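Going line by line, the protein sequences match chains H, S, A and Y.
Numbering-wise, the working numbering puts 88 at position 88 of the first sequence, and it's gapless, one number per residue.
Numbering-wise, the working numbering puts 10 at position 10 of the second sequence, and it's gapless, one number per residue.
Numbering-wise, the working numbering puts 604 at position 604 of the third sequence, and it's gapless, one number per residue.
Numbering-wise, the working numbering puts 242 at position 242 of the fourth sequence, and it's gapless, one number per residue.
Hints are computed from structural coordinates only; laboratory data are not their basis.
Careful, some of the hints might be misleading.
[Unchecked claim] Below, in silico cross-link-like pairs of lysine-lysine (DSBU-like), each with a Cα-Cα straight-line distance of 35 Å or less:
1. Lys373/A with Lys12/Y
2. Lys579/A with Lys98/H
3. Lys3/S with Lys12/Y
4. Lys23/H with Lys98/H
5. Lys8/S with Lys292/Y
6. Lys292/Y with Lys47/S
7. Lys579/A with Lys373/A
8. Lys579/A with Lys292/Y
Bear in mind that the values here come from a model prediction, so they are computed numbers and not experimental data.
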Amino acid sequence: MMLVNYIASVILVVLGLYTIITKKNLIKIVLGMGIVDYGINLFIVSTGYNDGGTAPIYNMTELVSGAYFVDPVPQALTLTSIVIGACVDAMALSLVIKLYRQYKTVDASEIRRLRG
Amino acid sequence: MLKNAIAKSMSRSPWIYHVNTGSCNGCDIELVAVLTPRYDAERFGFKLSGTPRHADIVVISGPVTTQSKDRLVRTLAQVPEPKVVVTLGSCPQSGNVFKGSYSVEAPVEKFVHVDVAIAGCTPKPEAVIAGLYKAAEILQKKREAMTK
Amino acid sequence: MSYVHFPVIAVMTLFMGAFLTVVLGKHSRAVRSFLAIAASGIAFVLIAMLVKPVLIDGEIISYWMGNWNPVNGYAIGIGYEVDQLGMFFALLVVSTILLSAVYSLRYIERDSSQEFYYVLFLMLSGSVLGLVLTGDVFNMFIMIEIMTFTAVGLTAFRNTGFGSVEAAFKYLVIGSIGSSFTLFGIAILYGQCHTLNMAQLSAMLSGNHSPATLMAFALMFTGLAVKSYIVPFHTPAADAYTTAPSSISMVFSGMVNKAGVYGIIRLVYIIFRTMDIPAVQTLMVIFGAVTMFIGVTMALAQHDFKRLLAFHSISQIGYVITAVGLCTSLGLTGGLFHAMNHTLFKGLLFLCAGAVLRATGTTNLDQLGGLSKKMPATTVCFLIGAFSISGLPPFNGFASKWLVYQAAYDKAVTTGNFLYVFVTIVALIVSVMTLASFIKVTQAAFFGQLPERLKDVEEVPFLMQLPMWIMSALCVLSGVFYNFVDKYLLVPAVSAALGVSRYIDSMMGSGYAAEKCVTDIQASGVHFSYWNPMVWLALFVIVLCAACLCILTSKGSRGEILEGDGEDGKYATFFSGEKALPSHVGGSDLFWGFKTDWKGYFNIMEGLHSGVVNDYALYVVAAAAIVVVFTFMFMR
Amino acid sequence: MDITGALYILFKILIFPGLLFAVVIGLFLAGLDRKLLARMQKRVGPPLRQPLFDFLKLLGKETIVPHAANKTVYLAAPVVGFTALIVLALFIPVFGYSTFSGNGDLIVILYLLTIPAVALIVGGSSSGSPYAGIGISREMVTMMSYELPLVVVLLTVARKVGGSALCFSLGDIVSWQAENGCLAFHPAMIPALLAMLLVIPAEVGTQPFDVAEAETEICEGPLIEYSGAPLAVFKLNTAVKMFIMTALFANLFFGGIETGYVALDAVIMVAICALVTFFSMTLIHAVTARLKIEHLFKFYWTVVAGLAALSLILVWVGL
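My request is simple: use the sequences and hints to build the entire structure.
Here's what the structure looks like:
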């Protein structure tokens with residue numbers, strides 16, 4: 001059941017890495033970073049899934065031992081991860097703008113003053 | 001005691017710095033010949049050094065061309081005291097066959113104090129050794145005069 | 001107030017300082033300086049107050065946020081766990097923060113938007129401190145992420161200059177790939193164990209590896225390796241250290257890459273407890289050896305002061321990883337000691353580079369020269385740092401490198417494995433090459449002749465010299481009194497790294513480790529053959545004699561020491577009789593024979609460090625793939 | 001520590017294995033080297049005391065500090081190098097008799113050996129001369145060259161002596177040889193011995209490997225601006241280094257010849273030192289011309305390191 005999700009998440013991560021490695025456009029590289037993030041987010045949220053479980057929303061009186069619900073922790077982790085991913089992408093994009101102003105290009109193979 | 005030992009070893013280990021001021025190379029070759037097995041000046045502790053800072057005896061050969069005069073004076077200034085200046089061959093003493101040339105400043109005594117002059121064109125190695133030995137003795141005397 | 005709250009308060013102080021700086025520090029320089037110094041000072045004091053309970057009394061502080069204690073043996077809440085290993089790194093972190101903050105006061109006074117500098121600086125400090133104190137893997141990931149993007153921000157701080165935005169972007173791309181790998185590993189671990197607490201993970205994972213956890217191990221190892229910049233993940237580090245302000249370069253090499261090293265140690269020794277598997281040892285030792293060799297050879301080829309230092313940072317981390325990867329207590333001691341020393345001497349060297357940059361406006365070695373007459377204090381500090389990093393006795397680098405060699409060769413002879421002999425030889429040779437490249441800096445920047453352009457250079461202000469002097473003093477002291485360092489810092493930290501069950505028990509309740517059949521890692525016994533302190537007596541007597549000799553020969557009738565200025569020929573440099581010309585043997589002119597013999601190697605290396613971010617990402621992914629394959633082949 | 005103990009240690013430091021002994025034997029070996037070289041070239045040669053004369057003479061000369069130099073570093077460098085060498089002399093036992101028993105650690109020795117070279121480099125660098133700049137570059141490359149074979153030789157000896165235990169102590173190496181015979185007579189160690197013989201001249205800086213101080217090309221390299229007492233100390237350093245390196249060789253390969261009398265031991269050791277001086281320095285000096293720096297590097301990293309590595313492999317497989 002979850003196998004599809006896992007495979008999809010791995011495919012997303014691999015696609016993202018492929019984008020980062022092969023695409024010369026900085027914006028595309030940033031998109032690649034985003035795709036990797038989302039692949040992992042999909043993976044995390046999938047790990048918490050319990051087949052047939054309910055949403056983990058209870059008050060203290062309802063919660064009894066043996067209640068069957070999906071694991072809430074991965075959802076919290078995913079939220080955090082999404083926030084962080086968004087921050088990283090925002091930062092990366094702002095750096096791309098700065099880079100474009102300095103180098104007049106967004107081609108990664110021309111932005112290589114620091115080398116050797 | 002140390003003072004005496006130092007003064008004594010002054011004459012036992014004189015290091016030579018050789019300045020060629022436009023010589024024909026005859027004297028230079030003779031100077032090197034002095035270090036060969038046949039004459040072996042090293043038995044008296046003579047040694048050629050590569051820089052004036054290490055030198056005790058400065059050997060000047062050549063008629064001191066105008067170009068080399070400044071260089072000679074500057075190099076001599078860089079030699080630490082006590083030092084002895086030796087002229088090798090006739091050129092630095094008199095100008096020899098170059099005398100009267102517009103570009104020759106010889107004799108070298110005009111601007112440098114010379115302690116020993118080895119004459120000849122070129123001087124024999126024996127003469128060179130004798131002159132250098134004399135210079136070593138002067139070196140010791142200078143050192144003794146310094147410490148008095 | 002009980003000291004168990006101190007770790008959390010220390011971390012919160014730094015974050016709070018960052019917040020207050022945003023709110024209050026915009027207009028007044030005094031306020032933001034005060035906030036930075038106060039926050040880092042308080043953090044320093046709080047951590048220093050933990051030295052007695054943790055390092056001396058041997059207590060492990062466990063602290064559950066919001067008092068969420070484990071229920072039925074499952075840890076749900078976020079826990080802070082301060083053991084001796086974490087404490088050791090925390091001390092490094094807070095000292096670095098404080099010294100860097102003091103240095104920054106004058107160093108960045110000419111820059112604009114200083115409040116952002118302090119905000120990012122304090123957040124970076126808080127995140128690294130949080131990372132070494134936390135007991136929760138996801139919390140660790142968050143701290144790593146905060147660390148990465150504050151570090152990126154600080155790298156791009158002087159964004160008007162050459163290349164800093166470029167370096168920041170590369171750093172961000174590579175760093176986020178690393179973080180993603182770490183997160184992926186953590187997610188797999190959570191899926192397997194349903195917990196995020198390090199102690200509990202350790203209890204569940206030890207000796208109990210399924211393919212999924214092996215995958216998690218490989219991914220987390222790669223992710224943390226990216227954070228500690230070992231080859232081939234080092235490429236953004238070299239750029240970032242070069243272009244960041246020097247006070248930040250010091251922080252990077254002093255604590256940011258130490259955070260990665262800490263993460264690796266925590267990962268292999270505690271969380272997965274895989275260190276007694278020979279394959280893991282081999283993996284780490286090979287990574288370490290390659291790192292130190294490539295780092296140092298690249299450093300030899302550099303023309304920029306800070307870039308050279310950056311490659312040395314990479315190279316020295318190689319020593320740490322190698323030593324830690326040997327899995328002997330001697331090796332662990334050597335590795336941790338070297339990590340500490342690296343913080344000291346590399347921080348010192350970066351501060352010297354910063355002083356040079358501030359005084360002259362450049363760090364290009366081909367444009368510098370003869371600064372020792374204008375900047376004597378910086379020169380002395382630099383020489384101390386350079387001798388320490390090259391491992392000359394009696395400085396601290398020697399003591400730790402010695403331990404590393406001994407540990408490596410000990411491993412070689414006890415296991416009979418030729419790989420470790422090779423590693424020992426590489427380590428010894430790298431040390432000489434380190435010396436060589438610092439001789440290059442010494443000659444090119446501090447000695448030689450002063451270029452006309454730098455005639456009116458001035459020494460840096462006292463407030464910048466102060467951290468430099470403190471670090472120089474620490475370099476010498478920790479080299480001379482290594483016994484104290486060993487007793488109070490290294491022995492507790494090493495036993496904490498090896499004592500897995502103690503770590504688990506103090507977090508999850510005693511008996512938990514025994515219940516899960518976790519045993520401590522067996523590492524061969526410590527045998528130190530430190531050199532005899534009598535040497536120091538000897539040294540002093542001889543220095544005395546030598547000094548006497550000098551006085552004897554310099555006074556009065558014997559030859560005199562003469563000094564002169566002016567254009568008197570006597571005191572001019574000897575130029576074969578010519579008038580002294582400005583001719584300085586710069587950095588790129590040195591080591592000619594060596595460079596010709598190694599031309600092929602240098603060409604390949606230069607090609608590999610191409611500066612294209614795609615290539616760098618490729619190295620990371622390829623190395624990750626290799627680690628994964630290696631893990632599955634040899635760790636099953 | 002009581003007074004007699006302190007005096008005894010002081011005696012050790014200042015007189016017997018320490019300062020005086022090292023300096024006297026060093027000067028003797030340097031003189032011997034020059035004398036033997038002269039005899040091999042059919043010259044009379046300088047007297048044996050010649051290095052002493054040179055030293056004393058230099059003490060009597062002016063010490064000029066050029067104005068491009070950094071005075072403190074310039075004057076301190078030779079003294080630092082000398083200090084390191086004397087500490088080193090204390091680490092090297094006269095067979096059974098050593099100052100710090102069992103503590104002559106090979107790695108400490110390796111690192112202390114680099115200090116005089118670093119002192120020379122830093123001193124030369126601080127003089128501000130471009131010739132010195134070239135000189136220090138060459139000195140450093142020389143150092144990188146001989147360090148690899150030296151390291152391999154030391155590790156080989158450690159493995160041979162220690163077996164499957166870590167043994168870096170020179171004291172243990174000597175006592176092992178007392179039981180099992182000199183290492184020089186173990187066939188697997190012969191290549192290492194040859195490598196060590198070739199390392200010594202580079203370490204000391206004698207003729208074919210003296211590229212750093214080539215007086216005919218770069219005017220004595222790092223020493224170019226030195227004169228007077230600091231130069232004297234540098235010359236003394238070279239002499240003492242001769243003793244240190246040959247004594248290290250004697251301990252590594254001919255250790256364990258103990259007669260029970262310290263004086264006799266010392267005489268035997270000096271004799272071995274003299275022999276090693278002849279074979280590794282004088283002989284090579286007399287028959288070869290100065291190398292170029294890149295050839296020197298290649299030579300050490302291929303031929304000499306190869307010899308040492310051969311020995312290491314032989315020892316590793318149990319020969």
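Against the structure, the hints come out as follows:
1. This hinted pair does not check out: Lys373/A and Lys12/Y have alpha carbons roughly 40 Å apart, beyond 35 Å.
2. Distance check on the hinted pair: Lys579/A and Lys98/H sit about 50 Å apart at the alpha-carbon level, beyond 35 Å; violated.
3. Restraint check: the Cα-Cα separation between Lys3/S and Lys12/Y comes to about 28 Å, which is no more than 35 Å; the hinted pair holds.
4. The hinted pair formed by Lys23/H and Lys98/H meets the criterion: a straight-line CA distance of about 19 Å does not exceed 35 Å.
5. The suggested pairing of Lys8/S with Lys292/Y is violated, with an alpha-carbon distance near 39 Å, which exceeds 35 Å.
6. Between Lys292/Y and Lys47/S, the direct Cα distance comes to roughly 23 Å. Compliance with the 35 Å bound is thereby established for this hinted pair.
7. In summary, the hint linking Lys579/A to Lys373/A is supported, as the alpha carbons are separated by about 21 Å, within the 35 Å threshold.
8. Distance check on the hinted pair: Lys579/A and Lys292/Y sit about 29 Å apart at the alpha-carbon level, within 35 Å; holds.
Against the hints set out earlier in the document, violations occur for numbers 1, 2, 5.
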